[in-house]
Amino acid sequence: MAQAAEKILSTLAPHLRTVGVALRGAGASLMAYAPPAAADVGAQLEANGARPSVAAGAFVAPTATLIGDVAVGAAAAVNYGAVVEANGARLPIEGYVGDGAVVKSPVGEGALVGPNAVVLGAVESNAVVGAGAIVGAGATVLGNLGPGSLLEPGASVPATELWSGAPAAKVRALDARDLEQATAARTLAAEAAATHRDECAKDYATLLAEDAAWEDSEARHPKYFKPVAEDALDEMTQVGGMDTGVVPGRILNSKIHAADGAAPHGDATRH
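Just so you know, we're using the numbering used here here: the sequence shown kicks off at 35 and counts up by one.
Treat the hints as calculated values from the structure; they're not laboratory data. Predicted, not measured: the structure shown is a model, and the values here were computed from it. Do not rely on the hints blindly, as some may be mistaken.
Derived pair list, reagent style DMTMM-like, types lysine to aspartate or glutamate, alpha-carbon separation capped at 25 Å [what the hints assert, rightly or not]:
1) Lys-138 - Glu-128
2) Lys-138 - Glu-186
3) Lys-236 - Glu-225
4) Lys-204 - Glu-214
5) Lys-138 - Glu-80
6) Lys-138 - Glu-195
Let the sequences and hints guide you as you build the complete structure.
Printed below as a string of structure tokens:
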């Protein structure tokens, strides 16, 4: 019954969507309102005859957009809602691009571009661009640019300095604590990218099996039910209960014995 209903819904879904779009258009006409076209997300688009390339091991979020000759390195990450656009020349991305950032210049290995930053100039290896900062065209960041800062076109942040403000100017030299914080942020970004990459790569069957295993674990009280081993498959995947006849955590699923090991009174196995 469920399969039949699912098949019917799958068949009707495209037609229902068409009807919905038509009704929305009719309503907009009645209100003399023209809604803006919905923007595509998660696209990898060709521009100037070149398409983006993503190395194995990299993470590009499903809602990130790559345009043109963008080359995302194996250790890089382009996070949710970010836009990376190559304007003709090849654009290498070897670092970490935060959520909602807009990048149109190279990002070096280990560099950190914060969320909602705008990068029109180069961000060199291990450099840090804070959240919401703007790197002007032709500018270069080798050190740290503080959050919300505006680095003017053509300016350069040396590798040993912290700049901040609008327009950005030197605040002080970087110290050991700054370097430690940058290293920790870099490690966290790499771990998060690996986790999100693996999660986004899972197919529907894997997600369904994991969901079933989670529901199974939630239904078992650790005080009374024997937990299922992590490497054991759930009964729904025909590896636990189906093969052995034993469902961990289900009462009256195994033989009952007295304290001395003898079968209880009334057991057919008792002589």
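Here is how each hint holds up against the structure:
Between Lys-138 and Glu-128, the direct Cα distance comes to roughly 13 Å. Compliance with the 25 Å bound is thereby established for this hinted pair. Taking the CA atoms of Lys-138 and Glu-186, the gap is near 15 Å; set against the 25 Å cutoff, the hint holds. Taken as a hint, the Lys-236 and Glu-225 pair is honoured in the structure, with Cα atoms around 17 Å apart against an allowance of 25 Å. Of the pairs offered as hints, the one joining Lys-204 and Glu-214 holds, with about 20 Å between alpha carbons and a cut-off of 25 Å not exceeded.
Only pairs whose Cα atoms come within 25 Å are accepted, and Lys-138 paired with Glu-80 is accepted, the gap being roughly 15 Å. Only pairs whose Cα atoms come within 25 Å are accepted, and Lys-138 paired with Glu-195 is accepted, the gap being roughly 23 Å.
Checked against the numbered hints above, the structure violates none of them.
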